[in-house]
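Listed here are the chains, written in short residue letters.
Number of protein chains: 2
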Amino acid sequence: MNTCQTLNSLFSPKSIAILGASNATGKSGAVPIALLLDAGYTGKIYPVNPRQDRVYGLPCHASLNDISDTIDLVIIAVPAVHVLAALEQSRPGQIRNAVTFTSGFAEVGDAGSQLQQQLHAFARERRIRLLGPNCLGFINVRDHTYATFSPAPLNGRLPAGDVGMVTQSGAFGAYAYCLARERNLGLSFWISTGNESDIDVADCIQWLTEDPHTRVIMAYIEGCKDGDKLKRALSAANSAGKPVVVTKIGRTASGAQAAASHTAALAGDDAVYDALFKQYGAIRAYTIDEFFNVGQALSKWPHHAASQNLAIISISGGVGALMADEADDHHLSLPAPPDDVQARLLARIPFASANNPVDVTGQALTDLSILLDTSRDLLATGKYGALAIFLAAAGSSEALWPHLQELVSVLHAEYPNTPITISALLPPERITALQEKGSMVFADPSTAIRTLSRIMHHRPGKRAALSCGKEAVAQKTNVNLPGGTGALNEADSLTILKNAGIAVTPFSVATTKAAAQDIARQFSCPVAMKIVSADILHKSDIGGVKLGISGDDAVADAYLEILSSVQRAQPLADVEGILIAPMHSGGIECIMGVYCDPVFGPVVMFGLGGIFVEVLKDVSFRLAPFDQAEALSMIHETQAVSLLKGERGQGAADIAALADTLAALSQLAYALGDRIESIDINPIIALPQGQGVRALDGVIIRKSAS
Amino acid sequence: MNTCQTLNSLFSPKSIAILGASNATGKSGAVPIALLLDAGYTGKIYPVNPRQDRVYGLPCHASLNDISDTIDLVIIAVPAVHVLAALEQSRPGQIRNAVTFTSGFAEVGDAGSQLQQQLHAFARERRIRLLGPNCLGFINVRDHTYATFSPAPLNGRLPAGDVGMVTQSGAFGAYAYCLARERNLGLSFWISTGNESDIDVADCIQWLTEDPHTRVIMAYIEGCKDGDKLKRALSAANSAGKPVVVTKIGRTASGAQAAASHTAALAGDDAVYDALFKQYGAIRAYTIDEFFNVGQALSKWPHHAASQNLAIISISGGVGALMADEADDHHLSLPAPPDDVQARLLARIPFASANNPVDVTGQALTDLSILLDTSRDLLATGKYGALAIFLAAAGSSEALWPHLQELVSVLHAEYPNTPITISALLPPERITALQEKGSMVFADPSTAIRTLSRIMHHRPGKRAALSCGKEAVAQKTNVNLPGGTGALNEADSLTILKNAGIAVTPFSVATTKAAAQDIARQFSCPVAMKIVSADILHKSDIGGVKLGISGDDAVADAYLEILSSVQRAQPLADVEGILIAPMHSGGIECIMGVYCDPVFGPVVMFGLGGIFVEVLKDVSFRLAPFDQAEALSMIHETQAVSLLKGERGQGAADIAALADTLAALSQLAYALGDRIESIDINPIIALPQGQGVRALDGVIIRKSAS
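Each protein sequence line maps, in turn, to chains A and B. Just add 98 to the spot in the first sequence (first one is 1) and you have this note's numbering. Just add 98 to the spot in the second sequence (first one is 1) and you have this note's numbering.
Because the hints were derived from the structure by calculation, they are not lab data. Keep in mind that the hints are not guaranteed to be accurate.
Straight-line alpha carbon distances no greater than 30 Å define the calculated DSS-like cross-link-like pairs of lysine-lysine that follow [as the list claims (entries may be wrong)]: (1) B:K715 with A:K743; (2) B:K801 with A:K743; (3) B:K327 with B:K801.
Pairwise CB distance ranges (calculated) [stated by the list, open to error]: (4) A:G744 with B:P669: 32 to 42 Å; (5) A:G744 with B:K801: 30 to 40 Å; (6) A:E512 with B:G771: 28 to 38 Å; (7) A:L670 with B:H734: 40 to 50 Å; (8) B:D772 with A:P514: 55 to 65 Å; (9) B:S110 with A:N515: 26 to 36 Å.
The model shown is predicted, which means the values in this text are computed figures rather than measured ones. Even glycine gets a Cβ: it sits at the ideal position worked out from N, Cα and C.
Modelling step: build the complete structure from the supplied sequences, incorporating the hints.
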């Protein structure tokens, strides 16, 4: 079913009943009625409470069944143990949606989980969509629908705007409402999802994507139980050109522990979330400040930046340098202005620095038009994706103020899609004025640069462009995985990899000494000989591997030695023969792997062999499947890429072939889906440019019976 | 001369003359007089201007000579070209100090540099100390001495306090004054040094160290011309237990370029500044926000934290996790509270998370004493070095407010040295109230954690403990460096390293085939043979090296082949023989190096060989000389240290011997001082624990004639 149609009656209800309606100011059954009345909600409001006649002047009903109307939304503010009974008093088909404020469900352990399951089952049977339980509810700002018991709006409403906000945590949600109000950030919706028995953050992202009044989505995620749904939602937002900024807690070991003890949701492996957000074009914010800075910046400039070149104008050369440091840290370039632009500035301020950062010096306070003229000169070059201005204490100069307003208005009119930040000490009302005219104000210039870098590096997720329907991919790779569980032997593993289009080393399996000699002779070079047994994962440890063998006699000896070593070490292992492959030398050892994340499915890893993986953990991840371009970005994320690029004089490796192989592996992993636990290709050799790659060893482990 | 005595008359003047005194509001000759009068400066004020009778009601003098008194401080606010003439009208001995506001000196090129030199020479002759030129002057907040033309104090004075601030940049200085005022951060002194013709940031740090009213020093540095002076100043502050927080611009390539174009000062190599600040115990801040956050935190808690354990209390589990993420990023630990503490909390709030982060849930707003009780319980364990509390929007709850004030007051009274931060949305007057009661308030909880981490990791610099007088060290290593310039040959280089206490491989130099055979026979193992010539730095490239040679014939062949290869490739090279050393195998290849920084002298580098240095640039630096403890911290800074520690199963290397060697190298480098350009020991082998190290190759390059 289409989320949009279904959730429309929830998020834009024409009628609202409140279970547990109360006249007691501040109670969860009172706050929403007070807010709805005060805000001028135009739909019908039905207080429900058998112990009240009137609530906030409205006639009160004893039960839902006493209301003759159908009801778009029931707000539930009665204790957890009474929720189900109260709902059961409604008529089948009478209620379309419910939001449950009450806590005491899954978040408090087994008894609560049972209550939540009963509620969920009842709602599902009656086709009622559920928000919560244990949530703060939601606000449809434009329609004045305050289905929340958060007292935050009582201290001041925030303006309607185009940012849709969804947060799993209620405490954070209330804080976020206040922060948005303090920043004068207009919201379309504010939604808290709580225990997510039915509707989760992904549903809300999907809904906000389809909402015509929402241009930017801010999502605060604690855990995710349905990875595919989140992928679809992020992909939809991406395709619709609605940027998503997301904060996901539980990034580090300490954080994840805290997250796990806090919610019933799975905190998940953080590298997987990083990959997810990267691939689906969501911007990850690491602090609450950054979450808001980026969200607010996107609401002004939702389009992708034309370039990663930044222009800086400062009245202090030193602080200009500090801003340049920050730009460098965040991979923004500071190309110098063209000669004529520099000359024009120097003609007016001889001791300015006309380079980028442009240091207009304190003179800018004497010749007040210099800031606007220089800004226009810089932006007219078409060279810069954004402009950051630092005015120090001069921001509070009365003489400068009208010029500052003009500067922002004119630049915004001429370059509405170019982010412009002002860093200065300004009183709150002036900050608001400049922000309304089209710029953003940051007291700390480094924060301005950091925020700009986040939106300037933002690109649509590759996955938005991929046809990512499961069917298309699965057809392409019709994988024949032998039945059973546990590891496949090396020969079977390599064959599956080869059939998936991965260049594996030539090999044959011998089951007699004579066959081993024949095979080795055909390779006409020293060979590697390895035991073939699904029961033996660490072949070398038990003498199951011999390398660099040449000559009939040596092959025969090796054959026998391997068999007897293995027989001694693991007499019960099911041995299927000896794999023989030519020895390889040269190239760069890499590692590719796949593991199956319980929430997001197969995840592909890439790294260079040896210390890069073992000591430095220099690896990158992506969710399967992905294309060569994504694989390239994955390879370039590792520190070791300079080794592959041949920057140390040893000649470049075939990075394109590595990327093709990673993409092929990701397709294979996706087609295999949850039939496997992991795939390891270790090592896979990156040969010199143009010569491809060669997988020398591989093992596929099927899912164990659960 | 003692900086303190000399600068006392500058920074606490009893009499001030103003050259260029003016009645025109806002002019640089008017602002200081207006500020001094308004602030109630108690010394004498002498306006000087031949075209005025009275200035701000005070009698005006035609020239300095017209003033019969001696003058502690002359403020110079006349155009650059008139400065010297105006000063020359004073009587010898009449003036003790001058601060020059005027720009148009070294910062504007050659003509200005000449003016500055003339001014400097005159002042030196008359024994006048100079602040500036091209500076904003200074403020002695306690004594109401406003020797500045910055209009910032006109819009509101900041309170007297114990933070001394010195900034090289005037624009930044004015901004910093306003920021301090906005944060209600009390200053003892505010000083801007400008072109630093005489007094520089280091002098001011030294002065602030000796000032009894200053407890914390905030320094903003653009460049440094006298490294030794800065070292001495930082060392003095360190010894006096006065923490220094420093922002140094020009951290990255872009920043350094901007810095160079802005000041006449040398931006310096940033790795050297990092080493300097680390060794001398200064805290480096990377943004203006951090500069102030750390400065303000230090002014509350100047003592070093008792532990790097942090306690977190949050009313939102999710944000608690976010804070835990940040703590993890900054290497703070979050140990769980003892069982009894957990039990007490859970008895009151069954669904709390009593782990660390402690999630008191929204219940904390119902049971209002829970925050204080839990905080006291946590701190009473003695386990935690700091406490961070997150209250979300609840901070603005009227019911909570008295409890919040009590919380901060009680905790501050009981644990005055334990940093406590509150993160909440609060109006400015409440932020001020809580900060005055002893905590710090950060709207963004991640910023709270980051700031805490900076002060909790702060340790006194090692150099404060070292006897770092040049003489002591130089005596210890009386180094016999052969005269001349350029490279020493390998044999001479290794000999110097060996005499300095570094374990070099045994070697001998043969000048005949027979001698070569003798030497090789004595080593009774395969040998390495290398050409000895100061003219040949890259020996392998021209066939000057043969490895793994054994047997008389092979040695003889190798001897002749090396000589003829070298003769062909570099016929003019001065060949001094063939160095013969036993072959080594095993151990881990490391690299040690020294280069001579023009400002800070010899800098020592450490890294692991191969890709660690070449691909990953995984190296660390320290200023010479340093001890074994500092060398250990240097080794542990590299990513590759886990390889040395044997964490990958290959057995630990002799890290202690590596550290001894680095310390010895640093002593040698310090003793050699600017007689050398560089030293390279590459490779030096770290043998297994207890077996020491072995330097296999080394080259010392003497300073070229300049």
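Hints, verified against the model:
1. As the CA atoms of K715 (chain B) and K743 (chain A) are separated by approximately 16 Å, the hinted pair is consistent with the 30 Å bound.
2. A hinted pair counts as satisfied when its Cα atoms are at most 30 Å apart, and K801 (chain B) with K743 (chain A) does not qualify at roughly 36 Å.
3. Proximity of K327 (chain B) to K801 (chain B) is assessed by CA-CA distance (about 23 Å); at most 30 Å being required, the pair is judged to hold.
4. The beta-carbon spacing between G744 (chain A) and P669 (chain B), approximately 34 Å, falls within the hinted interval of 32 to 42 Å.
5. Evaluation of the 30 to 40 Å hint for G744 (chain A) and K801 (chain B) yields a pass: the beta carbon distance comes to about 36 Å.
6. One distance hint, 28 to 38 Å for the beta-carbon pair E512 (chain A) and G771 (chain B), is violated here, with the actual separation near 58 Å.
7. Evaluation of the 40 to 50 Å hint for L670 (chain A) and H734 (chain B) yields a pass: the beta carbon distance comes to about 46 Å.
8. The beta-carbon spacing between D772 (chain B) and P514 (chain A), approximately 57 Å, falls within the hinted interval of 55 to 65 Å.
9. Distance hint check: the CB atoms of S110 (chain B) and N515 (chain A) are about 56 Å apart, inconsistent with the given range 26 to 36 Å.
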